[in-house]
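Same order as they appear, the protein sequences are chains A and B.
Letter by letter, the first sequence follows residues 1 to 330 in the UniProt record's numbering.
Letter by letter, the second sequence follows residues 1 to 330 in the UniProt record's numbering.
Calculated directly from the structure, the hints in this document are not laboratory data.
Because the structure is a prediction, the values reported are computed rather than measured.
Beta carbons are placed, not taken as given, at the ideal position from N, Cα and C, and that holds for glycine.
It is possible that part of the hints are untrue.
Which stretches of chain B does chain A cover? Using the computed rule of at least three CB atoms under 8 Å from a CB of chain A, they are [stated by the list, open to error]: (1) 46–55; (2) 111–123; (3) 274–281.
If you want the footprint, here are the derived chain A segments under chain B, 3+ residues with CB under 8 Å [said to hold, decoys possible]: (4) 41–53; (5) 116–125; (6) 168–179; (7) 226–240.
Number of protein chains: 2
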Amino acid sequence: MATIKDVAKLAGVALSTASYAMSGDSKVSAKTREKVLAAARQLNYQKNGFAMDLKRSRTNTIALILTDLSGPYYSELIRSIQDVALSNSYDLIACSSMGGKDSTAVRYLLEKRVDGAIVLAHNITVDLLHAAAGARFPIVVMDRLISGEGLINVVVDSEQGGYSATHYLIEKGHHSIAYISGPANSYDNALRYQGYLRAMREAGLNEKTKWKLSGNFVREGGYKATKMMLVQGELPSAVFYANDEMAVGGMKALEEAGVSVPDDLSVIGFDDIQLAEYLQPRLTTIRQPMYESGSLAGHLLFQRLNGDEVNDFYKLKIELIERSSVKINS
Amino acid sequence: MATIKDVAKLAGVALSTASYAMSGDSKVSAKTREKVLAAARQLNYQKNGFAMDLKRSRTNTIALILTDLSGPYYSELIRSIQDVALSNSYDLIACSSMGGKDSTAVRYLLEKRVDGAIVLAHNITVDLLHAAAGARFPIVVMDRLISGEGLINVVVDSEQGGYSATHYLIEKGHHSIAYISGPANSYDNALRYQGYLRAMREAGLNEKTKWKLSGNFVREGGYKATKMMLVQGELPSAVFYANDEMAVGGMKALEEAGVSVPDDLSVIGFDDIQLAEYLQPRLTTIRQPMYESGSLAGHLLFQRLNGDEVNDFYKLKIELIERSSVKINS
DNA sequence: TTGAAAGCGCTAACAT
DNA sequence: ATGTTAGCGCTTTCAA
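Please construct the entire structure, taking both the sequences and the accompanying hints into account.
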């Protein structure tokens, strides 16, 4: 691999001149620049990125850290962050936090391989976040509340979402509402559940423990939880799935059992994944403002990177998307 | 930011000793190591990634380059590559080629910020690929055929896929088959179309130009192309959408026009996206071996990285997924 | 306008 | 077992 040294030698100029010439510095004469560029072309020279980063001690890159790069769930979020990065002429890389301590995400965060990061990965520990973030390394956290130097929170009001979903069901005349929950350690799930409880309490309704089942936020889990509910005999009049993936699995179980949605049972989800409007019936759900929150997260990060002060906490409102999986209960 | 120098000073040892201690080299005494580690902790020391990469002149990271990070389409592929990377203890980062010459992808490729790459981004030019790849920088290209030093091709047999889809329709008694195509400059689309033509020719069937419409591989395009077809009056008995996204749009147009699938018109797609089996009717389509191809691409890259010789061309077979959108034509 | 040289933070060969 | 030192490839200050 040719280095700038080789280029300088071939062009017959000093190292520094070659550097100036190639970075387009105006103090290099046109003739010299041409000589250098020609030499670079001839040697197929490509600058070494790290050397530059090391020297400059900044990378012009931010990282988006996700639990699993392959989650289709994030697409809008990614798109919005990508847009913001592009318009700020920053590079964006995405990396996964799978692999625990040795994950790519952890390395990039700790070894400061980027200038800042947006994190949406519950398996990145709070300690790690505290260790990584700092005045010179801003991190926007999107899946929990955590304060500290360099840390900015952008979250969606899940409690309100859980409340809205439940309240909507109650409004439609449902009094027995099951809650299919996500993983116990999920902060998001906890909030959605709290919202559910608040709406229930407000309406003077009691939660039945036999109708609180865990589906772990995955399709298969929703399927199993629903099977379990089915076996119990008595059915609620509506089910609140804490996310759409579980609702997808649940509706499959329901269909298999001959329970018709929404005639026999109303269903509501959470997230508004792409699939939601293609299900039969079309799934009524809670929509998270993914594009907006990603966009906000990006903007805040860049503001911090530019030295501007920003608040360290933002909470976004959530919207109910009314489709056809909930029926008035009479 | 504390450097290793600060750590060494605080611990009262030499730079190199600190380095050895922290990398777990066995020749450092336990006592010294403890001293160094304590100092590091106290200073909240984190190693600088670039400095290390620069010194080592390798990054232990590979890049996955995609046109658009947010495409849900790739999830299985990403997962498989992630798995392979993890099991080889390499880091994986994903970056987008959006942004043309200044895209993150181009920078990472050219500036050698990773040890190798897997590319599935048609907007990365052939020239760039040639410039970037080399003996010390392997690139696996997944969306076209291109040979050169350091370049490995892993492609899916789209021609065969196009043939299978069409042949299947013919087998079911369809003789008038429309082809809704992708973008003209897409290599993949060209292959699928070739397969279509081969099957048609083989059956002694003629392609009707009025039934070859372009939908640009996107949902909206499929919708419009289908509308256009509808306006023309005469309908074929089956439609081959060159990808599922277009089929989704197309089926919407058909539904709006009161054309029932598959009773009035059979439909086949290509890709087997997640949505396919949730459509009404469930979409019969051609499944690309995404997991397998990603996995293969990853393995090949690592073999090259380890200095092993590998072939530079692999073509994977494709499978037809029979669902309910095609009916026997009588 | 060009060149010489320092130094970013780290690893590793070599000397002790 | 520990220390000294060269050098990875680049940018940039300073001197010519």
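Outcome of the hint check:
| no. | hint | result |
| --- | --- | --- |
| 1 | 46–55 | holds (count 9) |
| 2 | 111–123 | holds (count 3) |
| 3 | 274–281 | holds (count 5) |
| 4 | 41–53 | holds (count 9) |
| 5 | 116–125 | violated (count 0) |
| 6 | 168–179 | violated (count 0) |
| 7 | 226–240 | violated (count 0) |
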